[in-house]
Amino acid sequence: MKFAIALYSAAHAPSSRRALLFAQAVLADGHEIVRLFFYQDGVYSASNNIVTPQDEQDITRQWREFVSQHQLDGVVCIAAALRRGVLNSEEAARYQRSAVNLDAPWALSGLGQLHDAIQDADRLICFGGP
Amino acid sequence: MSKSLLVISRQAPWSGPSAREALDIVLAGGAFDLPIGLLFMDDGVFQLASDQNARAVQQKDLGANLQALELFGIDDVFACNHSLEVRGLNAPASAQGLGSDAIAHLLDRYDQVITL
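One line per chain: the protein sequences are B and Y, in this order. Take 0 as the starting number for the first sequence in numbering that gives the first Met the number 0 and just add one per residue. Take 0 as the starting number for the second sequence in numbering that gives the first Met the number 0 and just add one per residue.
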């Protein structure tokens, strides 16, 4: 089955971890993830300047490694990301901001990517809230 | 045939970007001519209240964006009757009020649902 997974919460929210565990289970069971789409505070789950205490789960690193390892299509909504200060080098240069906190494997793109994934997938599974 | 999507908007317009971001999904879908429905529920029904003065809380008015729904071909706009009632709001002209049975049917009718 083809899954699209949307995440609306930051890395410190348990729902971000649940989304990651679900995504891992999807692949482990032989299904396909057509796209991950991070929206609203979900853009923080892709930020690479989150520093997690050593004895806690580093969810942003785990997300990054998961997406890289399986060469998934990891899309972060550009409008939601700009609003929350999650910028790749291109956007940081465009808006003359000093910090870059998003890079590969994540791509910044628009809401069309969410609709495209919804059309392509058999199931859309959303994670948000606490 | 395109899959249909119902967006359920549950946040008040002044409670952060959620109401705007729910609407953005709907408008983006409309721009792609996709079959999209929008349901206002819980505090989301505050988005439909008339005579709002967003500037008083230093916010941008969402009303203009709501009016864009029609331009984007989004005709299926609904509001939860119960949510309106408990907040003392009248049924708005811009959305079709639905009881809980009708909302259950609505959820069945759409292929996918996003709740924000």
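Think of the hints as simulated: they come from the structure by calculation, not from any bench. Misleading hints may appear alongside valid ones.
As the list claims (entries may be wrong) - Stretch-level coverage of chain B by chain Y, calculated; a stretch enters the list once three of its residues show a Cβ under 8 Å from a Cβ in chain Y:
{"#": "1", "segment": "7-14"}
{"#": "2", "segment": "43-49"}
Unchecked claim - Going by beta-carbon spacing under 10 Å, a handful of chain Y positions derived as facing chain B:
{"#": "3", "residue": "L4"}
{"#": "4", "residue": "D23"}
{"#": "5", "residue": "A27"}
{"#": "6", "residue": "V56"}
{"#": "7", "residue": "L68"}
{"#": "8", "residue": "I102"}
{"#": "9", "residue": "L105"}
{"#": "10", "residue": "L106"}
{"#": "11", "residue": "D107"}
{"#": "12", "residue": "R108"}
{"#": "13", "residue": "D110"}
{"#": "14", "residue": "Q111"}
{"#": "15", "residue": "I113"}
{"#": "16", "residue": "T114"}
Ideal placement from N, C-alpha and C gives every residue a C-beta, glycine not left out.
Status of the hints after comparison with the structure:
1. Figure legend: the segment 7-14 of chain B, annotated as covered by chain Y; annotation inconsistent (1 residues with Cβ-Cβ distances under 8 Å, at least 3 required).
2. Residues of the segment 43-49 of chain B with a Cβ under 8 Å from some Cβ of chain Y number 0, which does not satisfy the need for three, so the listed coverage is violated.
3. Evaluation of the Y/L4 hint against chain B yields a held restraint, the C-beta minimum of about 6 Å falling below 10 Å.
4. Taking 10 Å as the C-beta contact cut-off toward chain B, the hint placing Y/D23 at the interface holds, the least distance being around 6 Å.
5. Taken as an interface hint, Y/A27 checks out: its beta carbon lies about 4 Å from the nearest beta carbon of chain B, inside 10 Å.
6. Because the beta carbon of Y/V56 sits about 18 Å from the nearest beta carbon in chain B, more than 10 Å, this interface hint is broken.
7. Violation of the interface hint for Y/L68 is found here, the shortest Cβ-Cβ separation to chain B being roughly 15 Å, above the 10 Å cut-off.
8. Interface hint status for Y/I102: violated, as the beta-carbon distance to the closest one in chain B is roughly 18 Å, over 10 Å.
9. Interface restraint check for Y/L105: the shortest CB-CB distance to chain B comes to about 17 Å, outside 10 Å, so the restraint is violated.
10. For Y/L106, the interface hint is violated, since its Cβ never comes within 10 Å of a Cβ in chain B; the closest pair sits about 14 Å apart.
11. Because the smallest distance between the Cβ of Y/D107 and any Cβ of chain B comes to about 16 Å, over 10 Å, the interface hint for this residue is violated.
12. The beta carbon of Y/R108 comes no nearer than 16 Å to any beta carbon in chain B, farther than 10 Å, and the hint placing it at the interface is violated.
13. For Y/D110, the interface hint holds, the least distance from its beta-carbon to any beta-carbon of chain B being 8 Å, beneath 10 Å.
14. Because the smallest distance between the Cβ of Y/Q111 and any Cβ of chain B comes to about 5 Å, under 10 Å, the interface hint for this residue holds.
15. The interface hint given for Y/I113 is met, as the beta carbon of that residue sits about 6 Å from the closest beta carbon of chain B, less than 10 Å.
16. The interface hint given for Y/T114 is met, as the beta carbon of that residue sits about 7 Å from the closest beta carbon of chain B, less than 10 Å.
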